[in-house]
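Please model the entire structure based on the sequences and the hints provided.
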Amino acid sequence: MDELDLLATARPVTPPTAETTAAARQRLFDLMDAAPAAAPAVTVPRRRIRAFRWGLVPAMAAALALVVVLTSSWGRPDDPVRPDVDLADAGPRPPQKLRNLLLAAADRTMGDSTAGGRYWVSEVESGTLLEVGRDGNRYAIMGRTEETVWHTVRRDDRAVHYFRWVGAAPASDADRAAWKRAGSPASWPKDEACPDSGSYPAGAGATRTVISKPGASTFSIGGGYITAAQVRDLPTDPVRLEAWLVDSLRRGNPDLTAAELSKGIFSSMLNLLYQAPGTPEVRAAAYRLLAVLPGLRDLGPVTDPKGRPGNAVTLVTNEDEPGVRQADTGGAREVRLIFDPESGVPLAWETRVLRPADYLSWVPAGAVFDYEAVLRTRWTDDVPPDTAGALPEDVQEPAGC
Amino acid sequence: MGGLETSEDDVAVLLRSRGEPDCFAELFERYFTGLHGYASRRLDGPGGDDVAAETFLIAFRQRDRFDPGRGSVRAWLYGIATNLIRARRRDEAQGYLAYARAAAHPAADPMHEEQTTDRVAAAAARNRIVAALAGLSARDRDALLLVVWGELSHEETAAALGVPVGTVGSRVHRARRKIRAALDDVDPTRPTERTARHG
Chain W
1 MDELDLLATA RPVTPPTAET TAAARQRLFD LMDAAPAAAP AVTVPRRRIR AFRWGLVPAM
61 AAALALVVVL TSSWGRPDDP VRPDVDLADA GPRPPQKLRN LLLAAADRTM GDSTAGGRYW
121 VSEVESGTLL EVGRDGNRYA IMGRTEETVW HTVRRDDRAV HYFRWVGAAP ASDADRAAWK
181 RAGSPASWPK DEACPDSGSY PAGAGATRTV ISKPGASTFS IGGGYITAAQ VRDLPTDPVR
241 LEAWLVDSLR RGNPDLTAAE LSKGIFSSML NLLYQAPGTP EVRAAAYRLL AVLPGLRDLG
301 PVTDPKGRPG NAVTLVTNED EPGVRQADTG GAREVRLIFD PESGVPLAWE TRVLRPADYL
361 SWVPAGAVFD YEAVLRTRWT DDVPPDTAGA LPEDVQEPAG C
Chain C
402 MGGLETSEDD VAVLLRSRGE PDCFAELFER YFTGLHGYAS RRLDGPGGDD VAAETFLIAF
462 RQRDRFDPGR GSVRAWLYGI ATNLIRARRR DEAQGYLAYA RAAAHPAADP MHEEQTTDRV
522 AAAAARNRIV AALAGLSARD RDALLLVVWG ELSHEETAAA LGVPVGTVGS RVHRARRKIR
582 AALDDVDPTR PTERTARHG
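In order, the protein sequences belong to chains W and C. This note's numbering applies: residue 1 is where the first sequence begins, and numbers increase by one. This note's numbering applies: residue 402 is where the second sequence begins, and numbers increase by one.
Treat the hints as calculated values from the structure; they're not laboratory data. There is no bait here: all hints are sound.
Short derived list, chain W residues pointing at chain C, Cβ under 10 Å:
no., residue
1, D2
2, L7
3, A24
4, P95
5, R99
Estimated spans, in silico, between C-beta atoms of each pair:
no., chain 1, residue 1, chain 2, residue 2, range
6, C, L416, W, V166, 48 to 56 Å
7, C, G470, W, T257, 42 to 50 Å
8, W, P15, C, R466, 26 to 34 Å
9, W, P15, C, N484, 21 to 29 Å
10, C, V412, W, G117, 49 to 57 Å
Given the structure is predicted, the values throughout are model-derived calculations rather than measurements. Using N, Cα and C, we set each Cβ at its ideal position, and we do this for glycine too.
Rendered as structure tokens:
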């Protein structure tokens, strides 16, 4: 060994910690934010809400049909394999500004990393656009529901869902005008042709409690459903998370194209961030994976459906495009993910139908069609309250007509 | 990021960042870890962290002044870091001496009780070399450490320091002679003349 070989291996250092890297990156971002850009940042114009076209199709329940239905045989959340489909084929990666935003959110993601407890309790408000009114004066109302779910971890516990209708109101100014023409009703029949089917009241309703059969709650990630423990064990490295998701999605459907896989990953990230008990590390990996997802766009600062400030990123899904087979005939829609860039906390997602078609043709183009706002999540060792009069999950509501 | 990344070369990224400042972050992602390693070996603890972070702030502010004809983006970044370290050369030299002193009296480590004499000798030689770095001139040390710890070629080192390649060669040669002398002091049985190493 000569002196240069010895020097080369002398005084070794460990790589910078995540905190050191994040602090240095933040100093650079602060400086970049202060720098004037030569070209104006690309902004996405808000779509104007078009005059309504009333269809005859009844309102449908909130659903996020992003891609072809991916049924699957389930695999364990380890042993990722490298994908042999190149996701880069799905389109250009997000612009640098958006990447930076998501990487910063990943660096700052925090929360309850212990994530221990007997139940994971999520409280969300969801909204769905509903078509109401009589022929000749049909309009849209946004119906809102609060749902608190006690998700189980143990196989012998029962998940409990508390639903509460929190009210409905005409969705837009045009809807409000139509509502006034209809005599400003305080409730709306679910089906004008069937009075027995019940109605949507303008005000809040009582809580309906539904209890599930015993079993560990599962969450839709990748091509299948995984338990809270498996969510916590997802890879925290974005490359491995991507490989795991691709593997999982392809177990369900081996023929998925790069574009379909890309949409499937986006859908999984939505579920992982907004509907599953991820650790801060798993959430950080989700943001890092979004940062390279083809087609993702930055909408900048927005407020979520609850009026909370955040930042939105968006992907157009369900488009007629080469390489994607659509099971959903409702037309292209934009899915927005809104999160707090300062803490990485996921706030809400929203969908807008961009080119309403078929069963959604009554939806105003560009209007919020449905959303889900996360109000609170927590782990607890308590037991679910007030389950005495709970309905079993498989009870059918009486069919009216 | 595996198949998701498309690689654009450093110069293209830097030129693009003049109109789209956010693009500069890509260079941070590419070089921060490596540059932090170089800076931290020369200035341990917060000093190395600061130099690594400040290098990117300075580079960002001076991105309009980068000249692709005079070397790579990487060499330019290491040159900025080297200038920052030079401003703290007293801390740097004291750090080498403190490191060598501490390493000469390691805490008892049962995992390493069966160390061979060779390994002990190599560790002692490394400590001597680190201590000897404190005795080099700032110019010679910069050239030597850009080559050995920064893993820059002589051409890149020349670009980083803004000197001709020949000057890098003579600085590295002079620095080697000095640390070799420190080594020979440890192991007097070794011959003093060795074949030159071309790096």
